[in-house]
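**Q** Protein chains in written order, with this note's numbering: chain A, 1 to 589; chain B, 1 to 85.
Note that these hints are calculated values from the structure, not bench results.
Just so you know, even glycine gets a beta-carbon here, dropped at the ideal spot from N, CA and C.
Misleading hints may appear alongside valid ones.
Beta-carbon label-pair distances, calculated as ranges [what the hints assert, rightly or not]: (1) B:Tyr-60 x A:Ile-198: 16 to 26 Å; (2) A:Asn-398 x B:Gln-43: 38 to 48 Å; (3) A:Leu-232 x B:Ser-22: 34 to 44 Å; (4) A:Val-245 x B:Gln-43: 24 to 34 Å; (5) B:Leu-17 x A:Asn-308: 18 to 28 Å; (6) A:Thr-563 x B:Val-30: 32 to 42 Å; (7) A:Thr-563 x B:Phe-25: 28 to 38 Å; (8) B:Leu-6 x A:Glu-565: 13 to 23 Å.
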Amino acid sequence: MDVQAWTFLIVGLSFALYIGIAIWSKAGSTKEFYVAGGGVPPLANGMATAADWMSAASFISMAGLISFLGYDGSVYLMGWTGGYVLLALLLAPYLRKFGKFTVPDFVGDRYYSDIARTIAVICAIFVSFTYVAGQMRGVGVVFSRFLEVDINMGIFIGMAIVFFYAVLGGMKGITYTQVAQYCVLIFAYMVPAFFISIQMTGNPIPQLGFGGNELESGRPILEVLDGLHKELGFAEYTSGKKPMVDVFFITVALMVGTAGLPHVIVRFFTVPKVRDARVSAGWALVFIAILYTTAPAVATFARVNLINTVSNSAYESVPSWFKNWENTGLIAWQDKNQDGKIQYTGGKAFAGKPKFAEGRGQSGERLLTNKATDGTNELYIDRDIMVLANPEIAQLPNWVIALVAAGGLAAALSTAAGLLLVISTSVAHDLIKKQFKPDISEGGELWAARVSAGVAVVIAGYFGINPPGFVAQVVAFAFGLAASSFFPAIILGIFDKRMNREGAMTGMVLGIVFTAAYIIYFKFVNPAANVPANWWFGISPEGIGTLGMILNIVASLVVSRMTPEPPEEVQHIVEDIRFPKGAGSATAH
Amino acid sequence: MENGKLKEYWKNNLKYLIALLSIWFFVSYVLGIFLADPLNSIQIGGFKLGFWFAQQGSIYVFVALIFTYVSLMNKLDKEYDVHED
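If we strip away everything but chain A, and leave its shape as in the complex, we get:
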């Protein structure tokens, strides 16, 4: 069978599975819709959290990113896993004991203020939409490359699937589909990694092969890669180029941001007990770590493979994947010295993204209109293709390539569904039920939740089809905002009994305004100035959320000590959430 037939088969089977689970787990009450009835076993919740968290970016883009960044890519590896330690130790158990449905619930009740609740709702919706647009785009890209359907058609199919199980099943449907999606995505990620690790190092376990010797030369593979980089004029793979202070700030922002993301936090409301919340954060990290410790190994293998395959090869004799990806515009080659061979060296081949002209060059390559740089490098490779192209580069069987497509879709759909649920809960529960229409019936609220999930799917699809140019930029926003608003407000709400409405709100507003202003200035108002020399203390916009968080905490503490202490009953709430005993099931009141 060819790749396309395999892809139709495997993707079709996985979709049938998701729909089957959705029908089996239809939600009957708001509690089932918001928190899956609060009865999810911790192991299952850990798996669902892992799928919820690992998005199209983790599955498709991350290894590629590391492959091109080397040591500097570590910020993503540590940043997107270290946050779970914070979740398990500082947030999840207490929020579970608190026993409500959403993050805005906690902020609104703990700070006895509907304004605080509204700020939290707006942040939650903004962060979630930012994220979800990228997921729908990822679905479209996988469909168009592997099934050769139009990118928009791919997004429609993805929307239909998510609509079906998110609107019908709510959190209950999403949870059990996410468990299935985790299995699909981790299998799809590991199989090619095993194959490639054996091919290159003789060791089937990528985490070990990563530190093993390359079969061909008998030298450690990382040493081989450092050697290749030196020879071709790239920076050394195993040491960093980014200034240390920036690496530090970005890592903190990603860790804290992870712990503050509403679609991750809400997953810990779905387990029966406080101790389940603790241990399910542990399981979530185990399932995430399987992929996150494999990714840097895959990055290294792919990098060595890529350099060995293309460097100084004649264009006419490169393998077909090279030309396939060139046709999609994600690889471009400009034969500067007219020798028909690909020179791949440090530096950019040309400025910006490739712009293709009509017609083909001497060797049959697509011609470009970009102005060449003075450097010797002739090759442009989009970072996103490394994971998707990896099985082809390593000449793995067709079914493995199809599996990777199904895995990418599982990663994108599971994250999209989790985000859509946060949006629908925020609208139906935090806005309609808590603020506009408190006397709404159970059935009415459930209906409102379904409608808002449906509307959110359509809006997400729209952004997927017409991606605003700023999607990549706003991801820094999502983490920055989560780090500078939610995280301090929740932590202080748990660990500082004296923290009051005035302090928390001042802190949140200051954190958000500061972080947003810095990011907006460097990403939108004056992108030309976005260079290290202009950054405050050498902190890039990606890392500024850390400073926003510190400002938030300091302002909260100072203001709270100058204003009246919180009411008696709020202090009782704080005392109560510190002890597991008596954790009832999540309630609406």
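Add chain B to chain A, keeping to what the hints say.
**A** Frame of chain A, contents of chain B only:
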């Protein structure tokens, strides 16, 4: 339960948090970032040590930290009789 006991339970919890989060900080930020360069001169297997902590070691330690906390707290909950059911 009386207030003093609960205060003691909370103090113990905070002690665990400080100890475990110090390890968390040390492994990722100190070994993986601040000392990565000097540690890279030490080679273990095919890995430079600083690079290994940044891309592998810190993640393994994170997992171990959470499960350590879970078992410490399960014990503490029982000891102070604040465990569920």
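**Q** Which numbered hints are broken by the structure, listed smallest first?
**A** As far as the earlier hints go, only 5 is violated by this structure.
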